[in-house]
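Engineer: The lines below spell out each chain.
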Amino acid sequence: MGKSLLDKVWQAHSVRELPSGQTQLFIGLHLIHEVTSPQAFQMMREQDLKVAFAQRTFATVDHIIPTDTRQRPYVDSQAEGMMSAIERNCREFGIRFFDGPSGHQGIVHVLGPELGLTQPGMTVACGDSHTSTHGALGAVAFGIGTSQVRDVLASQCLAIQRPRVRRIEIEGKLALGVYAKDVTLHIIRNLGVKGGVGFAYEYAGAVVEHMTMEERMTLCNMSIEGGARLGYVNPDQTTFDYVRGREFAPPAENFERAVAWWRSMASDPDAGYDDTVRLDGERIAPTVTWGINPGQAIGVDEKIPVADSFAPDDREVAEDAYEYMGFKPGAEIRGTRIDVAFIGSCTNGRISDLREAAKVARLGKVKPHVKALVVPGSEAVAKAAEAEGLPEVFRQAGFEWRLPGCSMCLAMNPDKLVGRQVCASSSNRNFKGRQGSPSGRTLLMSPAMVAAAAIEGAVADVRDMLGRK
Amino acid sequence: MADLIPIKKVAGRPIPLRGNDVDTDRIIPARFMKAVTFEGMGRFAFYDVRFDAEGHSKGHIMDDPRFEAKGPRVAIVNKNFGCGSSREHAPQALLRWGIKAIVGESFADIFFGNCVALGIPCVSASEAKVAALMAAVEEDPAHDLVVDLETMTIAYRGKSYAIALPGGSRSQLLDGSWDATRSLLQGADAVRATAARLPYVAGFAKA
Ligand code: SF4
Numbered sequence: 001m002g003k004s005l006l007d008k009v010w011q012a013h014s015v016r017e018l019p020s021g022q023t024q025l026f027i028g029l030h031l032i033h034e035v036t037s038p039q040a041f042q043m044m045r046e047q048d049l050k051v052a053f054a055q056r057t058f059a060t061v062d063h064i065i066p067t068d069t070r071q072r073p074y075v076d077s078q079a080e081g082m083m084s085a086i087e088r089n090c091r092e093f094g095i096r097f098f099d100g101p102s103g104h105q106g107i108v109h110v111l112g113p114e115l116g117l118t119q120p121g122m123t124v125a126c127g128d129s130h131t132s133t134h135g136a137l138g139a140v141a142f143g144i145g146t147s148q149v150r151d152v153l154a155s156q157c158l159a160i161q162r163p164r165v166r167r168i169e170i171e172g173k174l175a176l177g178v179y180a181k182d183v184t185l186h187i188i189r190n191l192g193v194k195g196g197v198g199f200a201y202e203y204a205g206a207v208v209e210h211m212t213m214e215e216r217m218t219l220c221n222m223s224i225e226g227g228a229r230l231g232y233v234n235p236d237q238t239t240f241d242y243v244r245g246r247e248f249a250p251p252a253e254n255f256e257r258a259v260a261w262w263r264s265m266a267s268d269p270d271a272g273y274d275d276t277v278r279l280d281g282e283r284i285a286p287t288v289t290w291g292i293n294p295g296q297a298i299g300v301d302e303k304i305p306v307a308d309s310f311a312p313d314d315r316e317v318a319e320d321a322y323e324y325m326g327f328k329p330g331a332e333i334r335g336t337r338i339d340v341a342f343i344g345s346c347t348n349g350r351i352s353d354l355r356e357a358a359k360v361a362r363l364g365k366v367k368p369h370v371k372a373l374v375v376p377g378s379e380a381v382a383k384a385a386e387a388e389g390l391p392e393v394f395r396q397a398g399f400e401w402r403l404p405g406c407s408m409c410l411a412m413n414p415d416k417l418v419g420r421q422v423c424a425s426s427s428n429r430n431f432k433g434r435q436g437s438p439s440g441r442t443l444l445m446s447p448a449m450v451a452a453a454a455i456e457g458a459v460a461d462v463r464d465m466l467g468r469k
Numbered sequence: 470m471a472d473l474i475p476i477k478k479v480a481g482r483p484i485p486l487r488g489n490d491v492d493t494d495r496i497i498p499a500r501f502m503k504a505v506t507f508e509g510m511g512r513f514a515f516y517d518v519r520f521d522a523e524g525h526s527k528g529h530i531m532d533d534p535r536f537e538a539k540g541p542r543v544a545i546v547n548k549n550f551g552c553g554s555s556r557e558h559a560p561q562a563l564l565r566w567g568i569k570a571i572v573g574e575s576f577a578d579i580f581f582g583n584c585v586a587l588g589i590p591c592v593s594a595s596e597a598k599v600a601a602l603m604a605a606v607e608e609d610p611a612h613d614l615v616v617d618l619e620t621m622t623i624a625y626r627g628k629s630y631a632i633a634l635p636g637g638s639r640s641q642l643l644d645g646s647w648d649a650t651r652s653l654l655q656g657a658d659a660v661r662a663t664a665a666r667l668p669y670v671a672g673f674a675k676a
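So the sequence lines, in the order shown, correspond to chains V and S. Just so it is clear: in the first sequence, position 269 is 269 by the numbering used here, and no numbers are missing. If you want the numbering used here, it's the 1-based position in the second sequence plus 469.
Hint data in this document are derived by calculation from the structure and do not stem from the laboratory. These numbers were taken from a predicted model, which means no experiment stands behind them. Even glycine gets a Cβ: it sits at the ideal position worked out from N, Cα and C. Please note that the accuracy of each hint is not assured.
What the hints assert, rightly or not - Between beta-carbon pairs, the in silico distance windows are: (1) S/Leu-473 with V/Ser-77: 36 to 44 Å; (2) S/Arg-512 with V/Glu-209: 46 to 54 Å; (3) V/Ala-175 with S/Asp-521: 39 to 47 Å; (4) S/Glu-596 with V/Val-277: 21 to 29 Å.
Unchecked claim - To spell it out: a stretch of chain V is covered by chain S in this simulated footprint if at least three of its residues, at any positions, have a beta carbon under 8 Å from a beta carbon of chain S; those stretches are: (5) 47-53; (6) 424-433.
Excised from the complex, chain V in its bound form (with noise of 0.2 Å):
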């Protein structure tokens, strides 16, 4: 039996095993935030520890910086000690920091493969959930916690689990107006929150192989919303040439080299999984989410399912979904008005995530009580768009268009919603009280469906809009 790319980055990676039975796992890229670290580096400090590899690890600033003004000292002065500390922090222990001033801020799992630093066969970890991202290259990405951070700091290793290995496939392709983001929300919704948890998931099949890198991004980024901790895509021809000529990619003439290998990482056709599940792309919609967990999806002509059909496990949830949301069992979700707009995150903040949603948003303009925000999810994204003239698209049809950052995916920064509010939102996480109001409601899907919301004022179906046949 071959092997996946899994079971062939864990061999490559694995430096022995511990007397607890984990694995001692060499990480090659390791990347932090302001809002996980500190208390790592507060921990090296007192442990009195050193950077074992400070060159395999980056830093950048995303959750808690403004997206209207980058004035120092912020008017948060917490904001302000956060990235005071992370300033402090790389400049003490040695890390390259890609803050404002140096032309490549952004959200950390917008960064990594934009600038090359993820590479195929490459183990990755962040102090971030949504590290699942970065396996869109083909790499094994683990989100952890800030003692593990700290271990990755002082060691650059995990103790660490091995997952089982879940491969799913989605045949045929996609309809007008459907994207990356229908495609996670609809296995979210088929395989539930907690489906995932325990595997890696393998996406392949038809669609994935069509896929672009960044939706493939889109794909990997949701892994940890139905539970898998990390996600990843074999890499093929499209990875090689995303990384080719990528600040940190490997250079010219070591390229090729680079490629043998990374073609070498990936599954054998013979791979053993431990579990495979098939769904079929062609009936995809656009897909919305109605409660309050990423798998409460439904598409966007169906009804809110009733408490029957759910499975006992999952009818709590349900008619805590209902109560919190103010929706009624069996309702359309379609027509549901909104109050916010929110176009951007580390699922959807890219420049096609841009590109499409500009697309609708040329047809027309945004419903006078929506407030709409488009957030780039870098300063690379934001000069491409600015390129391509997309902001003065975004403004002309009422959308403000902001500096990079996380904004209001989880409202660190001032960008929030007030009371109970409702926000199309092309984000990850429709939690209780995720945007920043204890109350405020959240509907997640694809940005080119915010875009459109905008414009109704309510759920709207994009296919309507790019003229369905």
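Add chain S with the ligand to chain V, keeping to what the hints say.
Structural biologist: The following block gives chain S with the ligand in isolation, referenced to the frame of chain V:
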């Protein structure tokens, strides 16, 4: 470096925290993470579930006088507890509120690992056992619940229940190596050898 502290047994007053898929945003809302230390996180555990906009108690079980207790606490939870964000602020908040062990039907991967790294055992039991335990506690919460990692049982009011914990994590807790830094640093030579074998570490330069 931290001393090895074996964790064999945790005893404390139980507190049931009901619900499947309780995410870490709920355990600690992001706005309370704007700090560079974990100090004081305990007071924000489950904040929005416990308090209204004016900061008044909504009568959550954590604020119910019947379940008030001093000393260590053991939480009892349902399925997929701690899903979502990787924030260690969540187990830190629970720990600082007093929770030293968690018994549940199942746990999200990252949350589970974060808890082990803090020496908080997250042990699992079947749906029926958790339901029975929650009922027993809600009937009479004024006794210590004992989690015993050596016998892999928990005991409450004279009843004992079998629990499970993956072998690696169990031995880490039992031998005190749950703070993994020490063991990871002991492999420093092997780490350098592994790095040297990986072609990307040298940028795929010709060997
Ligand atoms: S965009 Fe959202 S999910 Fe992504 S890293 Fe930022 S806060 Fe986390």
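Engineer: If any of the earlier hints don't hold here, list their numbers in rising order.
Structural biologist: none
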